[in-house]
Amino acid sequence: MTEQPLRILIVEDHQDTLKYLKLYVEQSGHAVQAVRTLKEARETFATSECDVLLSDIALSDGTGWDLLNELKLVRPVYAVAMSGFGMIEDTNRSKAAGFRHHLVKPIDPDLLDRALEEARHEKDRM
Amino acid sequence: MSADGSHEPNEAEVAARISELTRSLIAALDAEQQRFAQLLHDTSSQSLNAARIYARIARTTLDQTSSSAATTLTALEEAVENAANETQHVLHWLRPARLERCGLFESLMALTELTSRSVPCLFHCEKVADVDATDAEVQQEVLRIAQLALHALVRSGGVGAGSPPLRVELDLDDREIVLKIRASEGRALPSELTALLEARARIQSGSLMFEHSGPGSTWICRLPKGP
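Line by line, the protein sequences are chains Y and W. Using the numbering used here, read the first sequence as starting at 1 and increasing by one per residue. Using the numbering used here, read the second sequence as starting at 127 and increasing by one per residue.
Since the hints were made in silico from the structure, they are not lab data. If you're wondering where the values come from, they're calculated on a predicted model, not measured in any experiment. Where hints are given, some of them may not hold.
The calculated label-pair distances, taken between Cβ atoms and stated as ranges, are [stated by the list, open to error]:
id, chain 1, residue 1, chain 2, residue 2, range
1, W, L155, Y, K95, 49 to 59 Å
2, Y, D66, W, S310, 49 to 59 Å
3, W, H338, Y, S60, 52 to 62 Å
Using N, Cα and C, we set each Cβ at its ideal position, and we do this for glycine too.
For reference, chain Y alone in the conformation it holds in the complex (with noise of 0.2 Å):
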């Protein structure tokens, strides 16, 4: 079985957060495409391969959740929920809208690690 790296299209409306995101997802040796809204992320997506979306809920122009249900649409792509909210009903609607996991924020980078694996393993039998 081969380790190839993932294509990461990231999402996520926090500078701060988003740079360290993309530095620790480059370091673990993965592809990353970072965005900052919705609209960045539809267009991104349309244009890329990406084996995964890590996105943010609360976007500044939209929910990651409006942004699955668009996506999915056009392919399907292995998806990360991140939240500062992990109430069993933000938790329910991602799972609703098709994302694999839901991270609450602050992201535990052993959880992230651990979900990233999954896409790879799923990537790799395919």
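Model the placement of chain W on the given structure of chain Y, informed by the hints.
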């Protein structure tokens, strides 16, 4: 009527005014606590997590070049991780517990699981469906009283990781919902907290009592179930 013609409040009016002021004071305390929790979440908690991740990045980058630097960074990462976890723990206790859509039973389960990170804590409730059917404000108050009492027992009541478990029991009858918190160590809650909890219960037309039960202590909060 007083000698100067002004209205002298009667006993009932005084009691009502005291109740109103107590309710306002408690709401203000909760709001201030929530504000502080939000501030801590938005600042220190986020910064600590960023530091933790940067330390991990630096440590992983240096792993192959300088073993002593990597060792130091490993220690830094662990220290920051501990600080971040402790901040999260404080945040959980500070933020007034919110009932989730699943109701009081699930919320108390989550609270006792959180408590169990510090000291063993068991939860027992038989009439789950009936509990969740009680008045929402009453449910919220039961949860808040449980949160404040458990937090105090963990922090200042002398109950530690090696102690017998705390026990949280929830029951209800035709008229009341009853919350019991048992601690086997026989320690008391701080008197000012007990007074606050009694006041919270009274606002809901309920009561809070304390009794010695063998070598331990039990706090019993009774609140009317509501309309």
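Consistency of the hints with the structure:
1. W:L155 with Y:K95: 49 to 59 Å: 36 Å, violated
2. Y:D66 with W:S310: 49 to 59 Å: The hint (49 to 59 Å, Cβ to Cβ) holds, given that D66 of chain Y and S310 of chain W are roughly 51 Å apart.
3. W:H338 with Y:S60: 52 to 62 Å: 57 Å, holds
The earlier numbered hint that this structure contradicts is number 1, and it is the only one.
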